[in-house]
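K.L.:
Single-letter residue listing:
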Amino acid sequence: MKRTANDWLLDTFAYFFLIAIGLMMLLPLLNVFSKAVSEEWAIVSGKVGIFPVGFQLDTLREVVTSSTFSHAFLLSVGVTIVGTALSILFTAVTAYPLSKRFLPGISFVMVLFVFTMLFSGGLIPNYMLMRQLHLINNLWVLVLPGLIGVFNLLVIKSYYESLPEALEESARIDGARTYTILFRIILPLSMPVIATIALFYAVGYWNDYFGPMIYINDTTKQTLQLYLQSVVMEANTSTALTKSVEDMMNMSPEGIRSATVIASTVPILVVYPFLQKYFIKGVLIGSVKG
Amino acid sequence: MAMENKKWLTSLLCASLAVSVSACGPSKGASPSADPSASMGASAAATTGGKEAKPQLHALNIWMKDDYNTYPVAKLIEEKTGYKVKYDMLPQDKANDKLNLLMASGESYDLVTIGGDRSLYGDYAKKGALVDLGPLIEQYGPNIQDKLSQDSLDALKIDGKIYGIGNRSSAFASYGLMIRTDWLEKVGMQAPATVDEFTQVLKAFKEKDPGGNGDKGYPFTITGDSPMVTDLMGAFNLANYWTDIDGKLVPPPLNPGFEGYLNYMAGLYKDGLLDKEFAVNKDATMKEKFTSGKIGVVSLGWWDIPTVTDALQKNFPDAKIAYLPALKGPDGKMGLGMGGGFDRISFIPKSSKHPEDAIKWINAKLDDDLFKEIAIGEEGKHYTVKDGAYSPILPAFNDERNQANNYLTGVDEKNYPIYWQARVKKDMRLYEGFNYLNNVLPAEARLVDPLALAPSMPINSKNSAAMTQLLNDYMVKVFVGEEPVSGLPDFIKKFNATGGQENEVEINAWYATVKK
Amino acid sequence: MNTEVQVITESGVGPIGRKRARKREGRWRFAWRNRDYYLLLVPGLIFLFLFKYAPMYGIVIAFQDFNIFDGVRGSEWVGLEHFQKLLHSEEFATVFTNTLLISVYKIVILFPIPILIALILNEVRLMIFKRTIQTIVYLPHFLSWVIISGLFVTILSPSGGLVNQLIEALGGKPVNFFMSNDYFRSLVVFTAGWKEVGWNAIVFIAAIAGIEQEQYESAAIDGAGRIRRMIHITLPGILPTIALMFILRLGSVLDAGTEQILTMYNPVVYNTGDVIGTYVYRVGLGKMDYSFSTAVGLFNSVVGFILVVAGNFISRKLLNRGIW
Chain A
1 MKRTANDWLL DTFAYFFLIA IGLMMLLPLL NVFSKAVSEE WAIVSGKVGI
51 FPVGFQLDTL REVVTSSTFS HAFLLSVGVT IVGTALSILF TAVTAYPLSK
101 RFLPGISFVM VLFVFTMLFS GGLIPNYMLM RQLHLINNLW VLVLPGLIGV
151 FNLLVIKSYY ESLPEALEES ARIDGARTYT ILFRIILPLS MPVIATIALF
201 YAVGYWNDYF GPMIYINDTT KQTLQLYLQS VVMEANTSTA LTKSVEDMMN
251 MSPEGIRSAT VIASTVPILV VYPFLQKYFI KGVLIGSVKG
Chain B
1 MAMENKKWLT SLLCASLAVS VSACGPSKGA SPSADPSASM GASAAATTGG
51 KEAKPQLHAL NIWMKDDYNT YPVAKLIEEK TGYKVKYDML PQDKANDKLN
101 LLMASGESYD LVTIGGDRSL YGDYAKKGAL VDLGPLIEQY GPNIQDKLSQ
151 DSLDALKIDG KIYGIGNRSS AFASYGLMIR TDWLEKVGMQ APATVDEFTQ
201 VLKAFKEKDP GGNGDKGYPF TITGDSPMVT DLMGAFNLAN YWTDIDGKLV
251 PPPLNPGFEG YLNYMAGLYK DGLLDKEFAV NKDATMKEKF TSGKIGVVSL
301 GWWDIPTVTD ALQKNFPDAK IAYLPALKGP DGKMGLGMGG GFDRISFIPK
351 SSKHPEDAIK WINAKLDDDL FKEIAIGEEG KHYTVKDGAY SPILPAFNDE
401 RNQANNYLTG VDEKNYPIYW QARVKKDMRL YEGFNYLNNV LPAEARLVDP
451 LALAPSMPIN SKNSAAMTQL LNDYMVKVFV GEEPVSGLPD FIKKFNATGG
501 QENEVEINAW YATVKK
Chain C
1 MNTEVQVITE SGVGPIGRKR ARKREGRWRF AWRNRDYYLL LVPGLIFLFL
51 FKYAPMYGIV IAFQDFNIFD GVRGSEWVGL EHFQKLLHSE EFATVFTNTL
101 LISVYKIVIL FPIPILIALI LNEVRLMIFK RTIQTIVYLP HFLSWVIISG
151 LFVTILSPSG GLVNQLIEAL GGKPVNFFMS NDYFRSLVVF TAGWKEVGWN
201 AIVFIAAIAG IEQEQYESAA IDGAGRIRRM IHITLPGILP TIALMFILRL
251 GSVLDAGTEQ ILTMYNPVVY NTGDVIGTYV YRVGLGKMDY SFSTAVGLFN
301 SVVGFILVVA GNFISRKLLN RGIW
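As you go down the protein sequences, you meet chains A, B and C in turn.
Just so it is clear: in the first sequence, position 283 is 283 by UniProt numbering, and no numbers are missing.
Just so it is clear: in the second sequence, position 213 is 213 by UniProt numbering, and no numbers are missing.
Just so it is clear: in the third sequence, position 80 is 80 by UniProt numbering, and no numbers are missing.
What the hints contain is simulated information worked out from the structure, not anything from laboratory work.
Heads up, a few of these hints could be off.
To be verified - Cut-off 16 Å, straight-line C-alpha distance, at most; resulting in silico cross-link-like pairs (EDC-like, lysine to aspartate or glutamate): (1) Lys-86/B x Asp-218/A; (2) Lys-94/B x Glu-259/C; (3) Lys-19/C x Glu-40/A; (4) Lys-314/B x Glu-169/A; (5) Lys-221/A x Asp-97/B.
Every value quoted in this text rests on a predicted model; they were computed, and no experiment measured them.
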């Protein structure tokens, strides 16, 4: 294709804009990373900006090799994988009938779902429910209550709605049943959106901290995020249960906190680049007008 | 695949029907041993019958970084007491909410150990959620009666009954004003002894600029969330939150010294002696400014000394720091507020299955030798002792006893303050700071919190956090000049209306009973 | 089975055919014939009722003086007392205004940026560059507010912060952003943007990926330039997603970013920065007043729900599609 002056202008703008934004957004993580690999004195006196001061990997090693960390890490990986897989399945299936607006009563069901985005029973009844279901201290409690996220449900439903009707019609004429259409035609065509909600779910499960905080008491079932939050919150002296001087003396140094942040954030960051290959346009062509 | 999941979900739905009927019921009834004395008698009989297997105890503790169940102290306690204990822990954040849930839903913990928050403990006791420990201690707790002072036991009594065992904290001053003594030398001044001299030093720091910061530094800074600065507060007779004025305890706003303090701090801010950005400062920002040489004086706890010294001396090899003495105020008042009260409180919920074993366990841990070994380890391995002074052996002490305080349920009140100094000696710089504030300074420079051993007071515990916040916010606004000091009467009105009045009445009703 | 398929092919296909079929055979028969769809809905509905609606009774504690040990049944009813306490509190007018202002600024300024990022990213042909930028812009989302605001305190510090050094170099006077009632709201909006725009762009990037490539090709043959294609194909292509996101955003209009502001504000900027969430936290701090916080939450939810319903209604009128 020939490039016009306009195109050239657009490209220049796009690259400049994105580079500027990218640099800005890179700052905070670089800063935390630098703190994780800098020496404590430099962190305390605020010398660490974008670049590490007195590069060392001991802090990071200390965090990663602690048994509490590695245990919590494996647990979080497990919960994230199982949770994401089940969530995608349930969400993709539930969204399908919801995208069929001609079905009687389907709007009402949709309202029921959206309602729960805004209203919830609150902490106490939820805890009582999980207790009744024997889910306290049970790892399933980290997966089941978040099985279907309504936001993700809406995203995938909206995508289904944008798929051409002709697709399903031709399949129906060939005698395919609803289930077959969903699993054989719709889902394979929905990879961009499934990749999106997979990312949302994975990040959601990985970052979930409220669930483990409330429903898990067992020291061997602490997830990484619960561990991380507790380490980070440690610095916040206004925690509800007052601290004794011994607690103050035992507080983790800032470097340890940054290293914990890095060690527990980087694993989930790699998910996105991996999923990006599904974000490629044009998946639809060919298959639609087959 | 979808069908399989469906079947599995259907069974969940059945459960949900059951839930909707009973989920919201009060859970108090769930406690199996509502009457501890009854079950106690039975088990006492069993004890005399010979050696029965000790049950596994289920304990709930506050958050700690290492795993409670595998930390060396846990093994030691299990070996020596014969009790296998399964420890669970609360999260760091929202610990109160979580504990409320666990207590209200009657989870069967045999022992719960929380921070020194007497209000939460008092709340549970009043609601009848805790086992009365009186008869149990009488029967199974000779060590508890022996090692804990009557004061400590009494402080945790609720309506005359004892429901909890507290780890009495040794009373000591923990914060002081830390000054760059090399700056003092540069400006040719001595360490100030009065508030006026302190102001002169700050002025000299500003004018002569020993740090060479230009307009990028300030003589003095504090954090935005603690405008009540130890030492300076003492100079205005405000060393502790509650002060005895003519036989009555009053909170800061009603203290005659308060206006002077506000004026003084607002003056420092106006004259550029107090960091213009102090309201934004968090603890870390404050240390950052101090260690990067932008600030001459900060308020610092002695446990922070090693970190701060390390950082400061890396940046300025010639830098030297020291605590200021307790500064005398315009009326000759002075003093550092001292902590006190309890580090931890342990109690037995009604839902406990083994209340008497829990007490036996606590009692066993207070045995002379075992207590010492839990607290500071073995002689020659974890600590050395010379002339009655304990010093830690590093790194063994750090590796295996750093978190020992989390395992204590009640302390040997006579000996623990002595053992305890082994912790402080992990770093001599830290010890020196501690020693200066608590031993070098004359005794009258340290003022005990009159409320250190006060019982839990419901109105105060309900209001106190919000009141402190209200007061802090007001003070910050006055310091920066957003509100004039002359508006104090209006603030007092608001303070009293928001809960100050009822707090004061409640506290003084109690104070009248203890005052000689 | 066969006959069923035939019925469908006769009259059940296509929007118009379906409407006609639904009318002719009646709702229930039509629904029964499409029962496969409803069966697919069953697991989702079980989930919904078990985990979302079963605990919903908890809302009533907003109308009680709830005591956790007495449970919902044992607690005393107080009617609208907690709502009155909120609405009649001295600071409510300020706090409510601040909430609305910050929230509206956030929507007006920050809602379009992710769309812009997605559109511009779509124009980038260099794959490595595109993916790198995509990954970078979503990074700040993963850091907590404590860390982000700590960083900004440093960058914006009037004594030696990067931004103020720049201001001074240009001959200006240093600004104490965090303690200035003139700048605080802008600061809140800006930092919220910094943290979330990249993350929020993902859903639009994915939506763009779903647009049929052929549309672009035929437009290119018609001689449409890239900017025209962006406006006439890409933008309409993601319009449903934009509408969806916008409606959902309306639902949280009364949450102006409590967690964020709690880590950023100080008493000096309460006048402009105190929002409902922070105010409740401040005055209720440590009180563990479940009823009051539930009441405030319910107030936010009701307002949010009304806006979502209204937004959906408008979207259906204008775009002929909505959430339901």
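K.L.:
Now tell me if each hint is right for this structure.
P.N.:
Evaluated hints:
1. Lys-86/B x Asp-218/A: With Cα atoms ~9 Å apart, Lys-86/B and Asp-218/A stay inside 16 Å; holds.
2. Lys-94/B x Glu-259/C: holds, 14 Å
3. Lys-19/C x Glu-40/A: With a Cα-Cα distance of about 70 Å, the restraint between Lys-19/C and Glu-40/A is violated, given a limit of 16 Å.
4. Lys-314/B x Glu-169/A: Violated: Lys-314/B and Glu-169/A sit about 74 Å apart, past 16 Å.
5. Lys-221/A x Asp-97/B: violated, 19 Å
Checked against the numbered hints above, the structure violates hints 3, 4, 5; every other hint is satisfied.
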